[in-house]
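Which chain is which? The protein sequence lines are A and B, in order.
Numbering (the working numbering) for the first sequence: -17 to 297.
Numbering (the working numbering) for the second sequence: 776 to 1072.
If you're looking for bench data, these hints aren't it; they were derived computationally from the structure.
Every residue, glycine too, gets a C-beta built ideally from N, C-alpha and C.
Incorrect hints may appear among the rest.
[Claimed, not checked] Residues from chain B that face chain A, not an exhaustive set, calculated with beta carbons under 7 Å:
1) Y815
2) L817
3) G821
4) V866
5) Y965
6) T995
7) N1056
[Stated by the list, open to error] In silico DSS-like links for lysine-lysine, alpha-carbon gap of 25 Å or less:
8) B/K784 / A/K196
9) A/K196 / B/K783
10) A/K181 / A/K292
11) A/K7 / B/K885
12) A/K292 / B/K940
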Amino acid sequence: MEEKLTLFKNRKRFGIEKNIDLIFKNTTLTLSSLVAIVLFGIILVVFFQSFESFSRYGLKFLVTSEWNPVKDEYGAFTAIYGTLVTSLLSLLITIPLGVGTAIFITEDFVPKFVREIVGSFVELLAAIPSVVLGLWAIFVMEPFFREFFVFLHKFFGWIPLFSSEPAGRNSLLAIIILVVMLLPIVTSIARDSLNQVPKKLRNASYGIGASRWKTIFSVILPAALSGIMAGVLLALGRAMGETMAVTMIIGNSNAFSWSLLSPGYTISSMLANQFGEADGSQVSSLFYAAFVLMILSLVVNIFAQWLVKKFSLKY
Amino acid sequence: MNSLYYQKKLSRNVGDKFFTSLSVFCALIAILPLIFVVTYILIKGGSQITPELFILEPNPPGDDLDAGGINPALIGTLVITTIASIISIPVGVGGGIYLAEYSNGGPFSKFIRFGVNVLAGVPSIIAGVFIYALIVSTKILFGSMYSGLAGGMALSILMLPTVIKTTDEGLKLVPNELRYASLGIGASMYTTILKITLPTAFRSIATGVVLGIARAAGETAPLIFTALFSYYYIVSFEDLFYEMGSLAVLIYNFALEPYDAQNKLAWAASFILVISILTVNIFSRILAAFTEKTKRV
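Model the full structure from these sequences, guided by the hints.
This is the structure:
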């Protein structure tokens, strides 16, 4: 007994063990700082590469749509316009669809297992690679919508958005495929925030005689609004940066047109298309376009995070 | 008296019916794309699957009717995703350990968590542009330009936020009592993390990481001007430093070819890619649901 106690007393932590502990901590610290380093690295590298083009064209780059490697004239207006229009319009379609689906999943119209199947179907849709959706869009979706576009042009041609003859690949197809890609994001985030609304609120609303949809519109949706908004912004950031499916279906033309039925361009599809073959000042101009895209998506993302923090549910 | 009973024609009941059907309609539209995409891939891609597909090189697009196989692209995808995992898993798990175990919610960890979210929102093509500027155009990797290694690095940037986030969240779910017990019997911090907390959170971290790998395997945008594409077999270690094909880039290149044979090859490659990604997703979903049910209280 006596012997055991002294043995216990002598057990002290060795210096080497303390050192290992410290090394381990500092290693993980370094690894986590790598995230910040990579992030700043991306911003700095893209900025410095675009510097040549930036100093030559300045902000004029953003508002002219000439893209001529032969004459060394570059302006990304068509691509920036295309990026904003395709992402905003696709979002406009996705929001009601996604929120409607999220309501379907969180309410009890149908048995739980049906809702769970619908929920996982929508989430599996998010797992399909963008390039596969692009392939599908070229060979299945485009022929399916062809007649409809002709009809759209014939009867709504007086609206500038549909004023041109429908091209085989056009911005409207890109918008439709973007809706397919954004739907899972909006739906799953809207579902999570609807699920977080406490049951008490719903019961209180039912208790004073509100109908189901009166409750949804006046109590549940407002309570979940901040989460849904954040999801919408994340989806917007995703839509602006989405590359493959859009590149494959948008037609890649730098000729500016108001019409959605004519081929268009987005910043990301321009990068995907031209980066491989570019040289000289074209590379720098492409980096400039990439920088614009990055700033756009950074602003949207940071705003989304701020929104979540500021208005996160507090019950 | 009537007001005690449900009245169909009341405006509130008509409105409720209308909105309910609207929401059912939304849900139907939302699941249609998955069903259509998967059906077409099963039909169009599934019919192209032959043993030769897995062993032959693809033929360059041309008039010949036989497109060949996708062996180099299949192996390329495996190699590039492995490189991306080798880089991003240690960095991501390590970074996640710091956030969950060492940081006490101070400004540094807040900043890193914010950075992780921002990095997750960076468009995938920007990762490609970054690696192009840093590695491809500078020929920093032993003078090679486009290479499988550069492609793997680009993908690792996309995987990193996912890995850090799942590690951070997985470790936070581990009950503090386990840590106290381990520290209480005299274990040092790193022993506690490596022997107690990490193994406890292993399953949830692994699920998240595997989903991240599946996501990276389908990414195309970061590869089209870092790894480029290759028609030839990958035979030796040195091939890492040359252009490397991948399923995703093969689909992109061959979908845009005017030849039917190449288009069919793109469908076959989509079949393999989608089936593997969906299998991984469904499997990890079932596993997660199973863990949920059997979790100890």
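Q. Quick check: which numbered hints come out false for this structure?
A. 2 and 3
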